[in-house]
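A.B. asks: As a plain string of letters, each chain reads:
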Amino acid sequence: MATAELPTTRPAGLPPEPEMHPLILNKHGLVSIGDAIGGVVLNGKHPRGWWIGFLSGLAMLQILAVSVAWLFYMGVGVWGINVPVAWGFAIVNFVWWIGIGHAGTLISAVLLLMHQKWRTSINRFSEAMTIFAVMCAGLFPLLHMGRPWFFYWLYPFPNVAGVWPQFRSPLTWDVFAVTTYFTVSLVFWYIGLIPDLAALRDQAHKRWQRIVYGLLSLGWRGSAIHWRRYEKVYLILGGISTPLVLSVHTVVSFDFAVSIVPLWHATIFPPFFVAGAIYSGFAMVVAIALPVRRWYKLEDFFTDHHMDIMGKVMLATGFLVTYGYFSEAWMAWYGHSLYEWGTTMERMFGPYGWSYWCLIGFNCVFPLTLLWSKKIRTNYFWMEMICISVLIGMWFERYVIVITLTREYIPSSWGRYAPTIWDYGTMVGSMGLFLTLFFLFIRYLPMISITEMRELLPRKQGGGGGHSIMENAP
Amino acid sequence: MTPTTPAVTPGHAAHDAHGHGPPAEPTVFGLLAEFETADGMSHAAAKVQAAGYTRYDCYSPYPVADAVDAMNFPKSEMGTVMFVGGITGACTGFFMQYYLNAYGYALNVGGRPYLSWPSFIPITFEMMVLTAALTGLFGLMALCGLPRYHHPLFNSKAFDRASRDRFFLCIEFVDPKYDAVTTRAFLNELHPVSVEEVPE
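Protein sequences, first through last, are from chains A and B.
Heads up: the first sequence begins at 1 in this note's numbering, then just goes up one per residue.
Heads up: the second sequence begins at 475 in this note's numbering, then just goes up one per residue.
Treat the hints with care, since some could be wrong.
[Stated by the list, open to error] Beyond 12 Å from chain B on every Cβ pair, some chain A residues (computed):
| id | residue |
| --- | --- |
| 1 | Leu142 |
| 2 | Trp227 |
| 3 | Tyr352 |
[Claimed, not checked] Partial list, derived from the structure: chain A residues whose beta carbon lies under 8 Å from chain B:
| id | residue |
| --- | --- |
| 4 | Gly34 |
| 5 | Trp164 |
| 6 | Phe176 |
| 7 | Thr180 |
| 8 | Val184 |
| 9 | Ile191 |
| 10 | Gly222 |
| 11 | Ile225 |
| 12 | Arg454 |
Everything labelled a hint here was simulated from the structure, so no lab data went into it.
Quick reminder that beta carbons are idealized off the backbone N, C-alpha and C, glycines included.
Same shape as in the complex, but just chain A (with noise of 0.2 Å):
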């Protein structure tokens, strides 16, 4: 083989990198990145934000630990599910959990796969949050089963009564596609960290953080034939996941929108809730990265650039949103239902009218008037502002959608609903979960991929000048 002269800059054929706004701020090389990113975990020492937000988070989980005590003593009809509202707070927060767990997954694998390089910044960060996101829907189905004790019915498993699951029920097919979300979602995040925990092994200083961290880096020295392999199962995952992101939340909108109840039944349902939970999950990795990047100093690395591109994702989910909203009303009107018109009127003007206009006001009004404006969108109140309400306004929308049940075809069949403190408990609870097990990840994990970064970083710093997964495939 003739020795090959390698390019040290960018090659002569392809046009010059545009000019950009810097991903990393400062003048950082290779090291400080390590100790500014890696030091978080490392030194031990926490910023007071980092003991409110996990002691609240932890005071929360207590009160989920109560609420599903008492569950598991009295039954579900503690909570104030019944006839025609069977599933309650427990599908509307399975609902919200799983599309903010979205989030990570779109900015892990979809914006990777689209050379987006301002993801690498913020994507350990919300596939963290996709996993806890995630347990904390898993934990809603499992509770309203009555006897979570035998969730394995719903795998198929050879048993005595030979009986199996019915594979054409979109219900299965929930189970398959959360189960699957999960896993995958978890193998993706640790491949990521692999390298990462090489690094903090050695980079630690004290013993148990150089065992604990060695073994999960299953001593992963960094070879350039096992970075060449890394790449090609870390790109193949990207592009699988994306697939997969699109699918989970598709298919819990089948649950809806395979039944024959007015507005559930619309084709519109699975772009629409994908859509939705992306605009939820974006808004949840902004309301949580914003104040943990001032306790711990890491704006050169979570820049206000950054800031800027998330509100403008927001701001296109949130027209696909209320371009929903808006078709839903639009196609009962057109399409001459005097069903799917009088469950619309309903819904707006009926008992729960005020939550529908909750709806609209958090999710559309609010932060889709403030999020065109540069100021805003880099501001820090003001984006705080605006995720919440983004929250709040998702959380009400799957609100909406299964209180419908309380008004459809029949007057006979109609009803009410209302949550138990129970149900509130139980939500709050699950607040508690999420946070909890976040601050604990900030503090045990290096929250922002440092390889990653260390690649990002131009090559005149000591970096690879750029992702080579994304650029040049392996």
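Assemble chain B onto chain A, guided by the hints.
C.D. replies: The following block gives chain B in isolation, referenced to the frame of chain A:
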């Protein structure tokens, strides 16, 4: 192929097969050259490849495509592994549903045919993604020989920086062209920061 000295390890048996006679001291893993930049390592890899070495590897804190291209490592086999895994999962998923709902526990839902394949697609797809991802993880571990906690390279103090800010190239003792003196001289010509002998 029989080792001439019973005490040698399998790695050194391979060394014998290349006709170098019994190894003098089976205590060396290889010569480790440290570079300051990724380009320095990639250039060195190209030179090492051209010189005819076959048992060597580069080590870096982030993936360096130039280096592995210079090493002439072909496109990764992981694509095939994950493809096979995914197809296996998809077929298993589809036929599991068909068999169970048509034969294992025949369900007549609204008079639909037993092979109502469109309703089996979501689970088929999910099973494909699930198995592809799991074969990806375990295939990666198997092909890279991970987990492996005691690698000779970890004996080198300098190697700690392979996950931080330094780039390494190691020519292994088992390489047929390896020679403690000439290989070291050759590596020194490639402008490393240092060259060090790593004990086994």
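A.B. asks: Could you check the structure against the hints above and give me the numbers of any it violates, in ascending order?
C.D. replies: 2
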